[in-house]
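Top line first, the protein sequences correspond to chains R and A.
The C-terminal residue of the first sequence carries number 125 in this note's numbering, and the numbering is unbroken.
The C-terminal residue of the second sequence carries number 193 in this note's numbering, and the numbering is unbroken.
Treat the hints with care, since some could be wrong.
Claimed, not checked - Here are the computed lysine-lysine pairs in the DSS-like style, where the Cα-Cα straight-line distance is at most 30 Å:
1) 143/A - 112/R
2) 143/A - 16/R
3) 16/R - 82/R
4) 65/R - 112/R
5) 82/R - 112/R
6) 112/R - 85/A
7) 143/A - 85/A
8) 65/R - 16/R
9) 82/R - 65/R
Just so you know, these hints were derived from the structure itself, not from any lab.
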Amino acid sequence: DAKTTQPPSMDCAEGRAANLPCNHSTISGNEYVYWYRQIHSQGPQYIIHGLKNNETNEMASLIITEDRKSSTLILPHATLRDTAVYYCIVRVASSNTGKLIFGQGTTLQVKP
Amino acid sequence: SAVISQKPSRDICQRGTSLTIQCQVDSQVTMMFWYRQQPGQSLTLIATANQGSEATYESGFVIDKFPISRPNLTFSTLTVSNLSPEDSSIYLCSVEVGLAGDGRFFGPGTRLTVL
Chain R
14 DAKTTQPPSM
24 DCAEGRAANL
34 PCNHSTISGN
44 EYVYWYRQIH
54 SQGPQYIIHG
64 LKNNETNEMA
74 SLIITEDRKS
84 STLILPHATL
94 RDTAVYYCIV
104 RVASSNTGKL
114 IFGQGTTLQV
124 KP
Chain A
79 SAVISQKPSR
89 DICQRGTSLT
99 IQCQVDSQVT
109 MMFWYRQQPG
119 QSLTLIATAN
129 QGSEATYESG
139 FVIDKFPISR
149 PNLTFSTLTV
159 SNLSPEDSSI
169 YLCSVEVGLA
179 GDGRFFGPGT
189 RLTVL
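Excised from the complex, chain R in its bound form (with noise of 0.2 Å):
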């Protein structure tokens, strides 16, 4: 699987979008953009995934560029409970190995 960077850390007031970058310019053609994240003392939740279009769901938006060497992950209204660390990741989807190999990720602080 790709590697993936990210930045350590972000800030975000809250009510306001959190907008987490991710470059993975190693991407294979049949590897997928993964995002996840932990809080704190639980184990990591799905969040969204893609492959090279723009995804949306109850959650998030994903922005993957035309050369999907990047993309954004968009909270469109952070609140506290977003507080969090985010993990970008890239694998085949329904792979048969199913590995899914954690980065470092981007603590996210959304601040009242």
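Fit chain A to the supplied structure of chain R, relying on the hints for placement.
Then chain A, alone, in the frame of chain R:
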């Protein structure tokens, strides 16, 4: 979806002893995974445990130290053997459900402290 429970939720152990962690899933799954999260660090994959076959260990992890059992499609155990303070971590199990790509679930973790 899948609901995962782990036992114990936390434990304090003496060095040289062993701890067995249980992972129970509310549905049948083919692939189960064990992760370690050292203090202040990200998750590191220990091994993949598929029912009916030997677990597959990642580089740096060996069966003698981290024996795994996978007796059926809803249950697995991870034993951390010959404990040392460096084994103090959170251990998490994880499962993959379905083929849509959004079916990865994690247990709440087991917090191990070795004195």
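Hint-by-hint comparison with the structure:
About 21 Å separates the Cα atoms of residue 143/A and residue 112/R, which keeps this hinted pair within 30 Å; it holds. Proximity of residue 143/A to residue 16/R is assessed by CA-CA distance (about 28 Å); at most 30 Å being required, the pair is judged to hold. Under the criterion of a C-alpha separation no larger than 30 Å, the hint pairing residue 16/R with residue 82/R is consistent with the structure, at around 11 Å. The suggested pairing of residue 65/R with residue 112/R holds, with an alpha-carbon distance near 21 Å, which does not exceed 30 Å.
Simply put, residue 82/R and residue 112/R have alpha-carbon atoms about 21 Å apart, close enough for the 30 Å limit, and the pair holds. For the proposed pair residue 112/R and residue 85/A, the alpha carbon gap of about 23 Å is at most 30 Å, so the pair holds. The hinted pair formed by residue 143/A and residue 85/A meets the criterion: a straight-line CA distance of about 19 Å does not exceed 30 Å. Note on residue 65/R and residue 16/R: the hinted pairing holds, with a Cα-Cα distance of about 17 Å set against a maximum of 30 Å.
For the hint linking residue 82/R to residue 65/R, the alpha-carbon distance of about 10 Å falls within 30 Å, and the restraint holds.
Checked against the numbered hints given earlier, this structure breaks none of them.
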